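Sequence order for the protein chains is W and C. Position in the first sequence counted from 1, then plus 44, gives you the working numbering. Position in the second sequence counted from 1, then plus 6, gives you the working numbering.
Just so you know, not all the hints are guaranteed correct.
Unchecked claim - Quick look at which bits of chain W chain C covers, simulated, 3 or more residues with Cβ under 8 Å:
(1) 59 to 69
(2) 124 to 137
(3) 204 to 212
(4) 297 to 307
Stated by the list, open to error - FRET-style restraints, in silico, Cβ to Cβ:
(5) W:346 / C:188: 53 to 61 Å
(6) W:321 / C:191: 24 to 32 Å
(7) W:336 / C:93: 35 to 43 Å
(8) W:82 / C:199: 37 to 45 Å
(9) C:54 / W:196: 41 to 49 Å
(10) W:321 / C:55: 53 to 61 Å
Stated by the list, open to error - On the chain C side, residues computed to face chain W include the following (Cβ under 8 Å):
(11) 162
(12) 168
(13) 175
(14) 179
(15) 183
(16) 186
(17) 196
(18) 198
(19) 270
(20) 272
Read the hints as simulated data drawn from the structure, not as lab findings. Note that the structure is a prediction, hence the values are computed from the model and not measured. Note that CB positions come from ideal geometry on N, CA and C, so glycine has one too.
Now for the letters of each chain:
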Amino acid sequence: MASRAQHRWKDWLIERVIYLAAVVAISLIILIFLFVGREALPVLISAEVHEEVTLDNLLLAQEYGTPGARLPYVWQPVSEVPKYSLMPLFLGTLKVTLMAMLFATPLAIAAAIYTTEFAPRWLREAIKPVVELLAGIPSVVLGFFALIVLASWLQDVFRFDFRLNAINAGIALGLAVIPIIYTISEDALSAVPRSYRNAAYALGASPWQAAWGVVLPAALPGVFAGVVLGFGRAVGETMIVLMASGNAAITSWNFAESVRTLSATIAAELAEVVFGSAHYHVLFLIGTLLFAITFVLNWLGAQMVGRLRRRLTGAVR
Amino acid sequence: MKSKLEILAVLLVLLVGTSVLLAQQRNITVKGSDTMVILGQRWAEVYMQKHPSVAIQVTGGGSGTGIAALINGTTDIVEASRPMKDREIADLRAKRSKEALELPVAVDGLAVYLNEQNPVSELSLQQLKAIYTGVVRNWKEVGGRDERIVLYGRENNSGTYVYFKEHVLENADYYPTVQALPGTAAVINAVAKDPRGIGYGGIAYAKGVKAIPVKKDANSPSFEPTMENVLAARYPISRYLYWYFAGQPSGEVRAFAQWVVSKEGQQVVKDVGYYPLGENDRLASVAKLARKEEKTTAKQ
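Based on the sequences and whatever the hints tell you, model everything.
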């Protein structure tokens with residue numbers, strides 16, 4: 045009797061502790077968001093900041109440059125006339141991220157299909173941990189690799205004008221994204237019930253036809269979730285792009301040119317910026333935007349994983 | 007009058023002394039230019055080895071940050087890679103009723119690096135400005151091959167970035183295609199690997215690239231970035247590095263400053279990779295420290 049009461053008491057205590065831990069973790073994230081948001085707010089409302097930068101400067105084309113060579117979008121915060129156009133940074137982030145996804149998505153999904161559908165058991169047991177190990181490589185190491193080795197290879201092959209460019213940074217970033225897409229896709233593919241495959245074989249499908257026509261479509265929301273989460277990782281990743289992208293804020297769609305991303309801009313400039321200046325607040329605004337983008341992407345990814353689970357357990361259809 | 011002053015000085019030393027007595031050490035704070043942090047730290051290390059009773063704390067943050075700290079009275083010595091502006095000197099006078107004492111302590115030069123395969127053998131300041139502001143984009147236009155110029159530079163928080171912008175670009179904006187790299191070593195590495203590249207940075211660093219001679223304008227002779235040319239002020243992209251004090255320094259701060267402009271302190275400058283002061287400049291700095299403060303006495 046006494047021991048049972050003790051058990052209950054212990055259960056209650058452990059439950060409370062876990063609950064508290066969860067509350068602390070969540071409230072920390074909310075507090076961080078509030079802090080970052082509060083530091084970004086003056087860009088929208090402070091008259092003092094508006095003397096130097098307004099939303100207009102941040103987003104719309106300006107009359108910078110010389111009359112002969114107009115530069116509508118310039119990121120040049122340390123200048124006689126500070127210029128804070130976010131467009132080159134948005135475009136840079138988009139270019140690098142797209143490149144990373146173009147490189148990583150086919151490789152990761154193909155690897156996931158191979159390991160779940162075709163690889164013998166021992167090989168599967170070997171490949172999985174090795175790919176997941178990729179996630180453990182510190183991003184600074186990937187960045188260094190891209191800076192010293194990869195950039196030279198690419199330039200030798202493609203003769204780029206810029207040695208450090210969006211393609212170089214994108215491939216290095218892709219290496220960081222592959223494990224995310226692979227792991228989630230692999231989970232989704234293995235979660236497809238054996239009976240789906242057996243049904244396909246019974247209808248005369250080859251293993252390839254079963255994998256491509258039945259298993260992959262069934263697991264598609266999960267695979268897509270992996271892609272979305274990978275995209276979120278790529279948008280926020282800092283060290284690789286800081287080292288491998290050249291960090292020139294150019295507004296162009298040419299992937300062979302250098303790019304400067306939102307995250308790398310914060311990393312490079314925040315440490316030395318004058319506390320409370322317009323530049324400081326703009327960097328926090330960028331942080332808020334990055335936070336919002338990754339938050340939405342992660343939420344979307346979670347939604348899709350949930351949808352997959354419902355679909356495979358038969359809740360839908 | 008003089009003895010009164012001495013009593014005042016003693017009182018001041020006592021006051022400062024008591025506050026640091028707990029640590030049993032006399033503290034000197036040095037703050038300012040990031041370019042000079044390593045230099046300041048080397049000085050502090052060597053000096054503290056000789057004078058174990060003195061603790062010297064060196065931090066960076068930028069010349070502007072250091073000068074602000076001097077105005078607010080939170081640092082003894084400011085390291086600055088540019089002269090103090092008139093407004094800052096006036097601020098110091100207004101807030102602490104002290105005159106800024108400027109002490110040149112070393113000389114620094116910026117070299118322009120090209121890839122070793124690049125046939126261009128010299129550039130003028132105007133050409134450099136045209137290249138870095140995007141007016142000239144092909145090496146052909148400055149006597150090189152028919153190739154695009156690839157620009158390398160530093161992040162905008164770097165003192166080198168600001169110095170190059172002020173002295174070479176005459177405050178014009180860098181062209182957006184300048185690739186911002188973290189540190190001079192990264193710039194050199196990039197230029198060494200890129201036949202079309204151009205970069206700038208400290209003279210002492212140039213290994214594996216060529217640091218080209220620079221001329222002041224199209225008609226003047228060009229000078230190699232060597233120690234002799236920098237010291238004789240012939241090489242056009244060079245500057246003094248300064249220490250600033252609020253008023254005439256005294257006690258340990260003064261002893262430290264005197265050591266820094268001594269031959270021994272100047273040897274450290276060479277070891278770190280900057281240029282020591284020329285003998286005339288050095289003696290002028292020594293004389294500045296020897297001078298009694300007149301302006302502050304008048305006010306007190």
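*asked:* So is the segment 204 to 212 of chain W in contact with chain C by the C-beta rule, three or more residues under 8 Å, or is the coverage claim wrong?
replied: holds (count 4)
*With 41 to 49 Å as the target window, see if residue 54 of chain C and residue 196 of chain W comply at their CB atoms.*
44 Å, holds
_Verdict on chain C covering the segment 124 to 137 of chain W, criterion of 3 CB contacts below 8 Å_ = Holds: 3 residues of the segment 124 to 137 of chain W have a Cβ under 8 Å from chain C.
_Proposed interface contact between residue 186 of chain C and chain W, which counts if any beta carbon pair is under 8 Å_ = Holds, about 4 Å.
*Status of the given 53 to 61 Å range, CB of residue 55 of chain C versus CB of residue 321 of chain W*: 39 Å, violated
*Given coverage of the segment 297 to 307 of chain W by chain C, checked by CB-CB distance under 8 Å (3 or more)*: Holds, because 3 residues of the segment 297 to 307 of chain W bring their Cβ atoms closer than 8 Å to Cβ atoms of chain C.
_Would the hint on residue 272 of chain C be counted as holding, given a Cβ-Cβ threshold of 8 Å to chain W?_
29 Å, violated
*asked:* Given residue 196 of chain C as an interface hint, is its Cβ closer than 8 Å to any Cβ of chain W?
replied: 7 Å, holds
_Tell me if the beta carbons of residue 336 of chain W and residue 93 of chain C are separated by a distance inside 35 to 43 Å._
40 Å, holds
*With 24 to 32 Å as the target window, see if residue 321 of chain W and residue 191 of chain C comply at their CB atoms.*
29 Å, holds
*Any CB of chain W closer than 8 Å to the CB of residue 198 of chain C?*
11 Å, violated
*asked:* Can you verify the interface hint for residue 175 of chain C: is its Cβ closer than 8 Å to any Cβ in chain W?
replied: 10 Å, violated
The structure does not agree with the numbered hints 1, 5, 10, 13, 18, 19 and 20 stated previously, though it agrees with the rest.
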